[in-house]
Amino acid sequence: MQTVKMVVTGPFSSGKTQFIGSVSEIDVVATERKITAEGEKDVKDATTVAMDFGRITVDEDLVLYLFGTPGQKRFDFMWEILSEGMLGFIVMIDSARPETFREARSILETFRAYAPTPYVVAANKQDVDDAWEIEDMRNALRLDSSIKLLPCVATDLKSVKSVLLELLYSILAEMETGG
Amino acid sequence: MALNGNLRDFTVTQLLNLVNLASKTGTLVVEGPNERAEVSFRGGKLAYAMIGRENGSLASILHKGKKLSANQYRSIQKRAGHVTDKELGLLLINAGYLSQEDILGALQSNFMGVVRQLFTWVEGFFRFENDKLPEDRINVRLDLENLIIEGSRQLREWEQLQDEIPSLEMALKFADRPGANLKNVNLSVEEWRVVSYITPKNKMSQIAKTTKMDDLEIRRIVYGLIQAGLVEITRPEGAKPKLAQDMFPTQDKQEQKNLVNRLINRISGF
Chain A
1 MQTVKMVVTG PFSSGKTQFI GSVSEIDVVA TERKITAEGE KDVKDATTVA
51 MDFGRITVDE DLVLYLFGTP GQKRFDFMWE ILSEGMLGFI VMIDSARPET
101 FREARSILET FRAYAPTPYV VAANKQDVDD AWEIEDMRNA LRLDSSIKLL
151 PCVATDLKSV KSVLLELLYS ILAEMETGG
Chain B
180 MALNGNLRDF TVTQLLNLVN LASKTGTLVV EGPNERAEVS FRGGKLAYAM
230 IGRENGSLAS ILHKGKKLSA NQYRSIQKRA GHVTDKELGL LLINAGYLSQ
280 EDILGALQSN FMGVVRQLFT WVEGFFRFEN DKLPEDRINV RLDLENLIIE
330 GSRQLREWEQ LQDEIPSLEM ALKFADRPGA NLKNVNLSVE EWRVVSYITP
380 KNKMSQIAKT TKMDDLEIRR IVYGLIQAGL VEITRPEGAK PKLAQDMFPT
430 QDKQEQKNLV NRLINRISGF
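Those sequence lines, one after another, are chains A and B.
Numbering follows the working numbering, in which position 48 of the first sequence is assigned residue number 48; successive positions increment by one, without gaps.
Numbering follows the working numbering, in which position 133 of the second sequence is assigned residue number 312; successive positions increment by one, without gaps.
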């Protein structure tokens with residue numbers, strides 16, 4: 001059996017667990033804990049402290065694993081471990097919470113620095129009223145026009161599927177160009 | 180859709196950067212704890228700015244900029260209260276009191292002063308109102324790069340700079356967007372020293388070493404250049420995205436492509 005992996009990263013409460021849950025054929029193995037910090041408790045009740053884990057069986061010989069990183073910065077020591085050997089990564093960002101964009105930039109730059117692999121950025125929660133426009137997000141996140149910034153709704157399978165496919169197309173394009 | 184938030188999370192410099200990069204037209208409204216400010220932009224350039232309860236009329240700005248005496252200002256208020264700023268400007272030019280340059284210079288310096296004041300705000304809700312411009316005021320066209328660089332120089336908090344630029348093992352390249360021109364920007368000697376070493380071959384850590392700057396200094400300078408839209412972070416040349424060997428269970432290129440295609444087919448079938 002061959003296995004490959006992709007990593008889903010992003011700030012606290014950006015939708016990583018939901019993203020993996022939408023597409024994984026097994027219930028996401030989530031290592032969540034109740035939140036005690038007051039500010040964070042307002043956003044959600046539990047957070048991932050080590051990683052989320054999802055699986056997609058491709059055929060009898062190949063399995064894709066999806067790993068979600070913990071969103072809180074104090075667990076960033078896990079990021080490098082999780083990113084080892086990944087095929088590519090997805091940075092999830094909550095389009096309606098500009099207060100997380102700075103952290104998203106930081107996560108993006110950190111991953112770019114130690115993981116020279118293809119990646120895409122998913123602008124989650126594009127279906128809510130307060131969501132920032134994609135082009136404003138691109139500028140706020142300082143994304144080069146060549147980087148894919150994809151509108152996404154992490155709870156919608158079609159949307160999640162499209163983000164994963166875009167990442168795979170980027171990986172394929174990278175291979176074509178001799179990467 | 181919304182372009183709004185709090186200055187706690189988005190500095191004024193970052194907002195100017197957004198407006199600049201997207202060449203936005205509209206008005207940025209900032210509601211601070213004690214005052215409200217409105218800064219308008221046309222095509223990504225500063226057009227107008229007003230803060231607090233100050234009267235943002237041309238007469239008041241010219242008076243503040245010492246282009247009109249107190250008597251002249253009073254007399255204009257009394258007799259020409261009904262004329263628009265544009266009409267008043269023309270009247271003053273035609274009467275030989277002031278030149279067009281005097282008027283535009285006073286407006287520009289006043290608007291820049293407002294933005295500089297805004298740099299000191301750390302709290303306050305902001306929203307950008309697309310395409311809204313003050314109709315009855317004279318607009319200027321002022322590039323934002325210099326203001327952005329100026330605002331970025333004020334950011335000295337180590338933690339925030341480290342968030343913005345987490346790794347110095349990345350390189351820099353000049354932005355290729357239209358309008359980004361170093362010649363029009365007032366850079367300090369230190370900034371020029373860094374700029375002279377910018378090439379995708381040089382990591383930021385190497386530039387810091389060569390220019391004898393510590394981590395804080397190099398981050399602060401690079402942050403300003405990034406905010407002004409002049410440079411971008413890039414992978415060092417020679418470290419282009421490469422598929423590392425341990426990413427695939429096989430080393431055969433064709434099998435690797437085949438594997439990715441199988442993944443694509445599987446996910447397409449959902």
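Everything labelled a hint here was simulated from the structure, so no lab data went into it.
Cβ coordinates follow ideal geometry from the N, Cα and C atoms, glycine included.
Be careful, since some hints might not be right.
Facing chain A, from chain B, some residues (calculated, C-beta under 10 angstroms) [to be verified]:
| hint | residue |
| --- | --- |
| 1 | A181 |
| 2 | A201 |
| 3 | T204 |
| 4 | D342 |
| 5 | Q430 |
| 6 | V439 |
| 7 | S447 |
Estimated spans, in silico, between C-beta atoms of each pair [said to hold, decoys possible]:
| hint | chain 1 | residue 1 | chain 2 | residue 2 | range |
| --- | --- | --- | --- | --- | --- |
| 8 | B | G417 | A | Q2 | 25 to 33 angstroms |
| 9 | B | G275 | A | D144 | 51 to 59 angstroms |
| 10 | A | K158 | B | Q339 | 34 to 42 angstroms |
| 11 | B | R332 | A | K161 | 16 to 24 angstroms |
| 12 | B | T390 | A | D130 | 55 to 63 angstroms |
| 13 | A | T155 | B | E416 | 17 to 25 angstroms |
| 14 | B | N309 | A | T155 | 42 to 50 angstroms |
| 15 | A | Q2 | B | D322 | 20 to 28 angstroms |
| 16 | A | T177 | B | S447 | 18 to 26 angstroms |
| 17 | B | E314 | A | A173 | 31 to 39 angstroms |
| 18 | B | N213 | A | K158 | 26 to 34 angstroms |
| 19 | B | E396 | A | K158 | 33 to 41 angstroms |
Think about it this way: if two alpha-carbon atoms lie no more than 25 angstroms apart in a straight line, the pair counts; the simulated DMTMM-like pairs of lysine to aspartate or glutamate are [unchecked claim]:
| hint | chain 1 | residue 1 | chain 2 | residue 2 |
| --- | --- | --- | --- | --- |
| 20 | B | K224 | A | E109 |
| 21 | B | K382 | B | D431 |
| 22 | B | K382 | A | E135 |
| 23 | B | K436 | A | E135 |
| 24 | B | K265 | B | E217 |
| 25 | B | K436 | A | E103 |
| 26 | B | K265 | B | E233 |
| 27 | B | K391 | A | E109 |
| 28 | A | K5 | B | E217 |
| 29 | B | K352 | A | D127 |
| 30 | A | K5 | B | E233 |
So, going through the hints one by one against the coordinates:
| no. | hint | result |
| --- | --- | --- |
| 1 | A181 | 5 angstroms, holds |
| 2 | A201 | 5 angstroms, holds |
| 3 | T204 | 14 angstroms, violated |
| 4 | D342 | 4 angstroms, holds |
| 5 | Q430 | 12 angstroms, violated |
| 6 | V439 | 5 angstroms, holds |
| 7 | S447 | 7 angstroms, holds |
| 8 | B:G417 / A:Q2: 25 to 33 angstroms | 30 angstroms, holds |
| 9 | B:G275 / A:D144: 51 to 59 angstroms | 52 angstroms, holds |
| 10 | A:K158 / B:Q339: 34 to 42 angstroms | 38 angstroms, holds |
| 11 | B:R332 / A:K161: 16 to 24 angstroms | 46 angstroms, violated |
| 12 | B:T390 / A:D130: 55 to 63 angstroms | 43 angstroms, violated |
| 13 | A:T155 / B:E416: 17 to 25 angstroms | 41 angstroms, violated |
| 14 | B:N309 / A:T155: 42 to 50 angstroms | 29 angstroms, violated |
| 15 | A:Q2 / B:D322: 20 to 28 angstroms | 55 angstroms, violated |
| 16 | A:T177 / B:S447: 18 to 26 angstroms | 23 angstroms, holds |
| 17 | B:E314 / A:A173: 31 to 39 angstroms | 49 angstroms, violated |
| 18 | B:N213 / A:K158: 26 to 34 angstroms | 48 angstroms, violated |
| 19 | B:E396 / A:K158: 33 to 41 angstroms | 48 angstroms, violated |
| 20 | B:K224 / A:E109 | 29 angstroms, violated |
| 21 | B:K382 / B:D431 | 32 angstroms, violated |
| 22 | B:K382 / A:E135 | 28 angstroms, violated |
| 23 | B:K436 / A:E135 | 32 angstroms, violated |
| 24 | B:K265 / B:E217 | 20 angstroms, holds |
| 25 | B:K436 / A:E103 | 34 angstroms, violated |
| 26 | B:K265 / B:E233 | 19 angstroms, holds |
| 27 | B:K391 / A:E109 | 24 angstroms, holds |
| 28 | A:K5 / B:E217 | 49 angstroms, violated |
| 29 | B:K352 / A:D127 | 35 angstroms, violated |
| 30 | A:K5 / B:E233 | 59 angstroms, violated |
The structure shown violates the earlier hints numbered 3, 5, 11, 12, 13, 14, 15, 17, 18, 19, 20, 21, 22, 23, 25, 28, 29 and 30.
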